[in-house]
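J.: With the hints as your guide, set chain X with the ligands onto chain F.
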Amino acid sequence: MLKPENLADNMTGEVAFLLGNEAVARGLVESGVRVATTYPGTPSSEVGDTIARFARKSGIYFQYSVNEKVAYEIAYAASLSGKRSFTFMKVVGMNVAADSLMTSAYTGVEAGLVIMTADDPSMFSSQNEQDNRHFSDLAHIPLIEPSSPQEAKDFLKHAFELSEAEKLPVLFRTTTRVSHQRAPVTFGDVASGSGKSTFKRNIPQYLPFQPYSSRMKNELMEKMARISRFSDETVLNQLERKGSGKTGVIVSGAAYGPLIDVVNEHDLDVSILKLGLVNPLPEKLVLEFLGNHKEVVVVEELDPFVETKIRSLAQMNGITTSITGKLDGVFPSSFEYTQNVIAGSLSKILPVDAEHVDAKPHTEIPSRPPVMCPGCPHRGTYYAVKRAVGMSKIENVIYPSDIGCYSLGVFEPFEMSDVLLSMGSSIGTAQGFALSAGQTVISFIGDSTFFHAGMPSLVNAVHNGAKMILVILDNAVTAMTGQQPNPGSSMGSLGDPAPYARIEDLVASAGVEKISIVDPFDIKSTMRAVTEGLHFDGLSVIIARRECAIYADQKKKKIAPLVPYYVDKDKCTSCRNCVEKFSCPAISVDSGTVSIDPKLCDGCGLCSEIYVCPFRAIKSVEA
Amino acid sequence: MIVNLKICGVGGQGVITTGIIASEAGISRGLNVVMSEIHGLAQRGGAVSVDIRFGDALGSMIPENRCDILVALEPVEALRNVSRIKEGGLALIGAERIPPISLGISGKEYPDVESVLKENYPGMRYLMVNSDEIAKQAGNPRTSNTVILGAAIATGVLPVDLQDVMRALDSRFTGEMLESNKKALGLGAKLVTV
Ligand code: SF4
Ligand code: SF4
Chain F
1 MLKPENLADN
11 MTGEVAFLLG
21 NEAVARGLVE
31 SGVRVATTYP
41 GTPSSEVGDT
51 IARFARKSGI
61 YFQYSVNEKV
71 AYEIAYAASL
81 SGKRSFTFMK
91 VVGMNVAADS
101 LMTSAYTGVE
111 AGLVIMTADD
121 PSMFSSQNEQ
131 DNRHFSDLAH
141 IPLIEPSSPQ
151 EAKDFLKHAF
161 ELSEAEKLPV
171 LFRTTTRVSH
181 QRAPVTFGDV
191 ASGSGKSTFK
201 RNIPQYLPFQ
211 PYSSRMKNEL
221 MEKMARISRF
231 SDETVLNQLE
241 RKGSGKTGVI
251 VSGAAYGPLI
261 DVVNEHDLDV
271 SILKLGLVNP
281 LPEKLVLEFL
291 GNHKEVVVVE
301 ELDPFVETKI
311 RSLAQMNGIT
321 TSITGKLDGV
331 FPSSFEYTQN
341 VIAGSLSKIL
351 PVDAEHVDAK
361 PHTEIPSRPP
371 VMCPGCPHRG
381 TYYAVKRAVG
391 MSKIENVIYP
401 SDIGCYSLGV
411 FEPFEMSDVL
421 LSMGSSIGTA
431 QGFALSAGQT
441 VISFIGDSTF
451 FHAGMPSLVN
461 AVHNGAKMIL
471 VILDNAVTAM
481 TGQQPNPGSS
491 MGSLGDPAPY
501 ARIEDLVASA
511 GVEKISIVDP
521 FDIKSTMRAV
531 TEGLHFDGLS
541 VIIARRECAI
551 YADQKKKKIA
561 PLVPYYVDKD
571 KCTSCRNCVE
581 KFSCPAISVD
591 SGTVSIDPKL
601 CDGCGLCSEI
611 YVCPFRAIKS
621 VEA
Chain X
1001 MIVNLKICGV
1011 GGQGVITTGI
1021 IASEAGISRG
1031 LNVVMSEIHG
1041 LAQRGGAVSV
1051 DIRFGDALGS
1061 MIPENRCDIL
1071 VALEPVEALR
1081 NVSRIKEGGL
1091 ALIGAERIPP
1101 ISLGISGKEY
1111 PDVESVLKEN
1121 YPGMRYLMVN
1131 SDEIAKQAGN
1141 PRTSNTVILG
1151 AAIATGVLPV
1161 DLQDVMRALD
1171 SRFTGEMLES
1181 NKKALGLGAK
1191 LVTV
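First to last, the protein sequences are chains F and X.
So the first sequence is numbered by the working numbering: it starts at 1 and just counts up by one.
So the second sequence is numbered by the working numbering: it starts at 1001 and just counts up by one.
Next comes chain F alone, as it looks inside the complex:
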């Protein structure tokens, strides 16, 4: 097994079993990247986790930025300074970065600049499945799409070369099944980073004002026209297989693997044109392919991005080859393409007998939705807020929530999440409810999300006199994606000590007058703060501060083992409060007996509080 810290080593020709995202990280080393930035987000997070391990050794500057826009701007400026730069993010992060991305296409770049979006068909861990390939049309920048970990590494190099040749940012798009696929990857040479590194002032080139802007737009369109010709020649676009000529398939991205499985299994007589540089389309190649086949099938996940382009190309060239895809209803426009989905769609037009399979369980199975970890501080916060609101007799409280582990508060037993849109949206929607709904509003946001997009919204709330309670769950890290540091963490991107922002100071300087800082493991004080907030006529902020349990464990385990808690059978009355209302996953009931699984218990002791166990039946093993 190759350790992530060794992934930047010289090992040309060697093969390792790598996660797609690890292969991307290796790709940076082989592409001579000097600066990499990100805001962590599934399914892209492991790229950063990996770079952080070898950054120092390989001389790559790496940063977890406050949000995707800032991350992109840093990479952009590094590129203008002559350093190959890379920025990566999850699918919805592109919406945040887009503001700067759009104009950066006009100004162009100097050293290669690649922006990676990790899309999430089927929404395994994202709030929508937007198809970010459209950003390449919107910005007029090229789009490269790998279909496997090997390609994720190799195509990256092409992306940098193209970016540098045309001085244009390149969009690099993976999806969950590429980023989270493991496969054997063969290494190439380690590239040395470019030497020169200065910024040369060039106002007509970098300042998007008229008269420069019009010239920039013209240049941009010329660049894309040139790349369109390059698209016909690049190795990224290839005729993979030649059939007898009746049917051709054009495929891109993650759909490639499952498509080949189906073609092989059914021994289909098809030609396959595989697109890696998807935009601009290799028009000559596609026209030729259309001309050589009676029917052409386009296989791509999500929107008919390639299909639409092919149809219009065919129309402009008077080609009558029949084209099949999503627009004629043969393939679905939602969710990922499995072999079963592809076989099912192909069976409508080709000799594929799609067996009807029903992989639904034959029996009812207890659900296991994602839960907050044993020892998670958020459990204390939600428990206390719910109790305090219950005691206040205030009804119909609205709970806007946000993106992070605490989003899981939407599930039982708390069910305290009413709306959720995007990073930071809890505070904006809270203001809207406060002024429109005539109900009490308590919104939840994590520290990282607060820094990312919550701060402008809080300033707005104060200035406009919103009446609401804002609970900031400060667990010191970006937890949900794997405990990465954020500007409030005392460690920097590579784990070294770093200066940090103090949320209470930021909140105070925004003009918030009522601020309480509580420890969510102190249920009583947390409840008191909520009660005060409920009676306060204005905006109050509660900072619930305690480190993420996993992060704390990682530090603690080096010093002392975790000491679990247990249920004293003599004292336990089986009231089940700890199970039904508190629901730490380490606590369970079997035939009426409540017990704690010592392998799962984190030893936090929160369940032993009288507010959770009124009979004081939960005790530390050590005491």
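Read the hints as simulated data drawn from the structure, not as lab findings.
Every residue, glycine too, gets a C-beta built ideally from N, C-alpha and C.
Some clues are possibly wrong.
Unchecked claim - Pairs of lysine-lysine, DSS-like flavour, derived with a Cα cap of 30 Å:
1) K1182/X - K599/F
2) K3/F - K524/F
3) K1136/X - K360/F
4) K524/F - K467/F
5) K1108/X - K599/F
6) K555/F - K1136/X
Unchecked claim - Just a few of them, taken from the derived set where beta-carbon distance is under 7 Å, the chain F residues facing chain X:
7) S125
8) Q181
9) R182
10) N340
11) R368
12) E412
13) S588
T.: Chain X with the ligands in isolation, oriented as in the chain F frame:
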């Protein structure tokens, strides 16, 4: 040739690590292996599974009803995934329960997994493994995954043998962890006679 292995369990049990070890065993023998992971939203405690495909597969997901062998580190998670096993396939199930909080909240009892299996999947071959017990015998309770993996290898369904897995363990662990894992693998393998 394609052989499909699915490993499932609860976040924190080591589903992904077990998957990597099985895959690297295949790689060390020169096979092509692809593995797909779904990480989900929770850091711990959610349902987790990986698909592993040995041989001539390019797509990393196992098509429906094509799983040759299911390794379940937890009984309820076995139930959640058995329907994906192909006709004549196998399941190796770790007997140690991790009751989901949904049971506590609803007041329902943890299902009797064996009778559910017998009733709904008659004829399916499965083995319940007291992996925690055996892991303790191996000297480290954290090797229960390796016990079940050992049993899975011993079925002969996968195109890898114990030596291949030993090599994969060698490259991942050292010292006591390596020794206990090797022992766990051997003890697991002894549970199955073909
Ligand atoms: S990762 Fe940390 S913050 Fe997230 S649920 Fe677990 S303990 Fe809580
Ligand atoms: S002490 Fe109680 S609340 Fe904390 S992890 Fe253990 S069982 Fe869960």
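J.: Would the hint on R368/F be counted as holding, given a Cβ-Cβ threshold of 7 Å to chain X?
T.: With Cβ-Cβ at 4 Å, under 7 Å, it holds.
J.: Can you verify the interface hint for S125/F: is its Cβ closer than 7 Å to any Cβ in chain X?
T.: Constraint on S125/F satisfied, holds at 6 Å.
J.: So, as I understand it, the hint says R182/F touches chain X; can you test that by seeing if any CB pair is closer than 7 Å?
T.: Result: holds, 4 Å to nearest chain X Cβ.
J.: Run the distance test for K1108/X versus K599/F: straight-line Cα separation, threshold 30 Å.
T.: holds, 23 Å
J.: Under the criterion of a CB-CB separation shorter than 7 Å, is N340/F in contact with chain X as hinted?
T.: holds, 5 Å
J.: Under the criterion of a CB-CB separation shorter than 7 Å, is E412/F in contact with chain X as hinted?
T.: With a closest approach of 5 Å, the E412/F hint holds.
J.: S588/F was flagged as interface toward chain X. Is the shortest Cβ-Cβ separation under 7 Å?
T.: OK, holds: S588/F within 7 Å of chain X, min 4 Å.
J.: Does K3/F pair with K524/F here, judged by a C-alpha cut-off of 30 Å?
T.: Judged against 30 Å, a Cα distance of about 45 Å means the pair is violated.
J.: Take a quick look at whether K1182/X and K599/F sit within 30 Å of each other, Cα to Cα.
T.: holds, 22 Å
J.: Does the alpha-carbon distance linking K524/F and K467/F stay inside the 30 Å limit?
T.: holds, 24 Å
J.: Are K1136/X and K360/F close enough, with their CA atoms no more than 30 Å apart?
T.: violated, 36 Å
J.: Please check whether Q181/F passes as an interface residue: C-beta within 7 Å of a C-beta belonging to chain X.
T.: Hint on Q181/F: holds, closest Cβ of chain X at ~4 Å, below 7 Å.
Consistency with the previously given hints fails for numbers 2 and 3, ordered from lowest to highest.
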